[in-house]
Amino acid sequence: MSEVALKLERVQKRFGKKQVLKGVDLSVPAGTILGLIGKNGAGKSTLIKCLLGLLKTDSGNAAVFGDSSWNLSPRTKQRIGYVPQTFTGFRWMKVETMLDYTGAFYSTWNQKKADALLLEWDLDPGARIGRMSEGERQKLSIIQALGHEPDLLIFDEPVASLDPLARRQFLKQLIDLNMNENRTMLFSTHITSDLERVAGDIAILKDGVIAYEGDMASLQDRIRRLHISSDRDLPSPLSTPKAIRTVVNGSSATVTVDGLGDDEIRKIQADLSARITVEQLNLEEIFLEVHR
Amino acid sequence: MDSQITLLFQIKPSSGIPIYRQVVDQIQRLVASGALKAGDELPSVRQVAGHFEVNPMTISKAYSLLEAVGVLERVRGKGMIVAPDQAATRSLKKRMELVEPILREAATQANQLGLPMGAVLETLAGYLEEDSK
Chain G
10 MSEVALKLER
20 VQKRFGKKQV
30 LKGVDLSVPA
40 GTILGLIGKN
50 GAGKSTLIKC
60 LLGLLKTDSG
70 NAAVFGDSSW
80 NLSPRTKQRI
90 GYVPQTFTGF
100 RWMKVETMLD
110 YTGAFYSTWN
120 QKKADALLLE
130 WDLDPGARIG
140 RMSEGERQKL
150 SIIQALGHEP
160 DLLIFDEPVA
170 SLDPLARRQF
180 LKQLIDLNMN
190 ENRTMLFSTH
200 ITSDLERVAG
210 DIAILKDGVI
220 AYEGDMASLQ
230 DRIRRLHISS
240 DRDLPSPLST
250 PKAIRTVVNG
260 SSATVTVDGL
270 GDDEIRKIQA
280 DLSARITVEQ
290 LNLEEIFLEV
300 HR
Chain C
4 MDSQITLLFQ
14 IKPSSGIPIY
24 RQVVDQIQRL
34 VASGALKAGD
44 ELPSVRQVAG
54 HFEVNPMTIS
64 KAYSLLEAVG
74 VLERVRGKGM
84 IVAPDQAATR
94 SLKKRMELVE
104 PILREAATQA
114 NQLGLPMGAV
124 LETLAGYLEE
134 DSK
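Order-wise, the sequence lines are chains G and C.
Per the numbering used here, residue 10 is the first one in the first sequence, and the count goes up by one each step.
Per the numbering used here, residue 4 is the first one in the second sequence, and the count goes up by one each step.
Derived from the structure by calculation, the hints contain no laboratory data.
Glycine included, C-beta positions come from ideal geometry on N, C-alpha and C.
One thing to keep in mind: the hints can contain errors.
Unchecked claim - The following label-pair restraints were derived from C-beta to C-beta distances: (1) C/P104 x G/I253: 23 to 29 Å; (2) C/K136 x G/G144: 46 to 52 Å; (3) C/E108 x G/E143: 43 to 49 Å.
Said to hold, decoys possible - Stretch-level coverage of chain G by chain C, calculated; a stretch enters the list once three of its residues show a Cβ under 8 Å from a Cβ in chain C: (4) 93 to 105; (5) 183 to 197; (6) 225 to 232; (7) 285 to 292.
Construct all of the structure, not just a fragment, from the sequences and the given hints.
Here it is as structure tokens:
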């Protein structure tokens, strides 16, 4: 049995009148790369902050490596690396001073690794942080989080201001860390093509709960689009089992289904005496379909 | 080895086809066509994942599936090799199964466009001939 790195049980969180998390359940085994997606304001950052103990949950349990999030022990904190959405370091510092400062908090700080990443990512150790671009600050945040070689990495929109080259270097880092050292990672992002590459599991946060969770391939097998065409007009409304969205246009229709098997598709084909082609969707399309 | 991996397969993350499926299909086709021969060593999960920057679990899932259907074999110290006995993969029926989805798709589209069967078959025959040269 592998260790559970992250666990949320019926987690609720409200800000004023807005109930952001309405009972989130999520369990992430160690060694997983989990991609968290959701609309703006869906509560991805709130979920992450509840996990890290930066926000107190209203009810339910949040835990990291079995340690309650609101009372993380220093030992567990040492095992976590976190890259927040916006840079939270000191802008008046130089890059090298910022890293010295960060390193001082960790017994496992690996300066060699930090130096290698600075070089690879083309960051000048003597540069003043306030004068750098947002993308450069994001790179620095990532180095700060990787430097102490944590077992768990949590990234909140890590790549938003990175250029395509830096993004690919970052993804390569993640793959290497996961492959060589079995690190667990959770990252939220809007760039679904990155998740298709690196995420083993995907969780979609919608209306305050985890609407879908599972590995990328099973998600793609579940949410598919049927293109139905017939010689006659199709019945309207067209009722298809497990449909999540149906558009009928005379003799043709497009139906998005959730978990409809191939046998069932053949049955519909026979019942309607229509032709059906099945379209596989990429993560961006799946994301759009479940939010329509 | 890196250049060999790129020659072996392509991965298109946003194509809608799950990545493990893309790997499984391509290796099956390479074996069926004889481009990969019995006993040939495959690049390790680590090499493939690192090269394409994809999740290692995805590649390892593809390899395990290929092992389960007898296309690949796990050899101690060598990793994955193409299984020595490929009679099953090489059979006409098996090879036909691999092109069936594309042919079916072509048939659907041809019907949607109302193309006469003769013209479609003639074009396909032309491509087959052209490609075998």
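For this structure, which hints from the list above don't hold up?
The structure breaks only hint 4.
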